[in-house]
Amino acid sequence: LAKTTQPISMDSYEGQEVNITCSHNNIATNDYITWYQQFPSQGPRFIIQGYKTKVKNEVASLFIPADRKSSTLSLPRVSLSDTAVYYCLVAVGGSQGNLIFGKGTKLSVKP
Amino acid sequence: DTAVSQTPKYLVTQMGNDKSIKCEQNLGHDTMYWYKQDSKKFLKIMFSYNNKELIINETVPNRFSPKSPDKAHLNLHINSLELGDSAVYFCASSPGSGNNNQPQHFGDGTRLSIL
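Protein chains in written order, with my numbering: chain A, 1 to 111; chain B, 112 to 226.
Keep in mind that the hints were calculated from the coordinates and are not lab data.
Glycine included, C-beta positions come from ideal geometry on N, C-alpha and C.
Certain hints may be false.
Said to hold, decoys possible - Straight-line C-alpha distance at most 27 Å; calculated DSS-like pairs for lysine-lysine:
{"no.": "1", "chain 1": "B", "residue 1": "Lys152", "chain 2": "A", "residue 2": "Lys69"}
{"no.": "2", "chain 1": "B", "residue 1": "Lys151", "chain 2": "A", "residue 2": "Lys103"}
{"no.": "3", "chain 1": "B", "residue 1": "Lys130", "chain 2": "A", "residue 2": "Lys69"}
{"no.": "4", "chain 1": "B", "residue 1": "Lys130", "chain 2": "A", "residue 2": "Lys110"}
{"no.": "5", "chain 1": "A", "residue 1": "Lys3", "chain 2": "A", "residue 2": "Lys56"}
{"no.": "6", "chain 1": "A", "residue 1": "Lys3", "chain 2": "B", "residue 2": "Lys151"}
{"no.": "7", "chain 1": "B", "residue 1": "Lys130", "chain 2": "B", "residue 2": "Lys151"}
As the list claims (entries may be wrong) - Distance ranges between label pairs, derived from CB positions:
{"no.": "8", "chain 1": "B", "residue 1": "Asp149", "chain 2": "A", "residue 2": "Pro7", "range": "15 to 25 Å"}
{"no.": "9", "chain 1": "B", "residue 1": "Thr124", "chain 2": "A", "residue 2": "Lys54", "range": "44 to 54 Å"}
{"no.": "10", "chain 1": "B", "residue 1": "Asn173", "chain 2": "A", "residue 2": "Glu17", "range": "42 to 52 Å"}
Take the sequences, apply the hints, and build the full model.
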């Protein structure tokens, strides 16, 4: 099963771009990569998902290199409200897949 | 309206007791999950159900028994509670027939504290 590794914590300042990288060296051919955001006392919230190359939505971008052994979540111009824990999830496709969350990256945005 | 709702939000009980946590989703999703988040914030899947049928059962003590009366509900019953069961338990749901590529919607968790 693919396992993930993320930095434990990151600090940033308001207005900066933040890039959080997740390593998943054993990712399988049919695995997708999903990122979630979690605020204190709340459940994780879906941010973005991708399989390869680049995906972008109104909140973030996701960059996945050709070998798919890592992925980078990019948050443009962060604000204080982006302070949260960010999880990388590698999901094995198919009805018998297993879900493995990374240990999360605690992002602290300072004024 | 809350999409995925769990009750209770907080649960404080004695070791050895039996307790249940309820989860309901009004999103029309076919798949529901239970996760455990420990004090170190590691989020681990426990169970997954698709249309009331168990599709994922990770290495969880058999004191934990999920029950799905219909596809909108997935309750978690825990027997003989132990100190190590103290954690936040999250319920989630996703569309599709158990394909784990679908984004999940999480409840706000149930904080279980064992005295």
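Status of the hints after comparison with the structure:
1. B:Lys152 - A:Lys69: 24 Å, holds
2. B:Lys151 - A:Lys103: 9 Å, holds
3. B:Lys130 - A:Lys69: 41 Å, violated
4. B:Lys130 - A:Lys110: 41 Å, violated
5. A:Lys3 - A:Lys56: Distance ~24 Å between A:Lys3 and A:Lys56 Cα, so the pair holds.
6. A:Lys3 - B:Lys151: 18 Å, holds
7. B:Lys130 - B:Lys151: Holds: B:Lys130 and B:Lys151 sit about 23 Å apart, inside 27 Å.
8. B:Asp149 - A:Pro7: 15 to 25 Å: 20 Å, holds
9. B:Thr124 - A:Lys54: 44 to 54 Å: 48 Å, holds
10. B:Asn173 - A:Glu17: 42 to 52 Å: Since the Cβ atoms of B:Asn173 and A:Glu17 sit about 48 Å apart, the hinted range of 42 to 52 Å holds.
When the structure is compared with the earlier hints, violations turn up for hints 3 and 4 and for no others.
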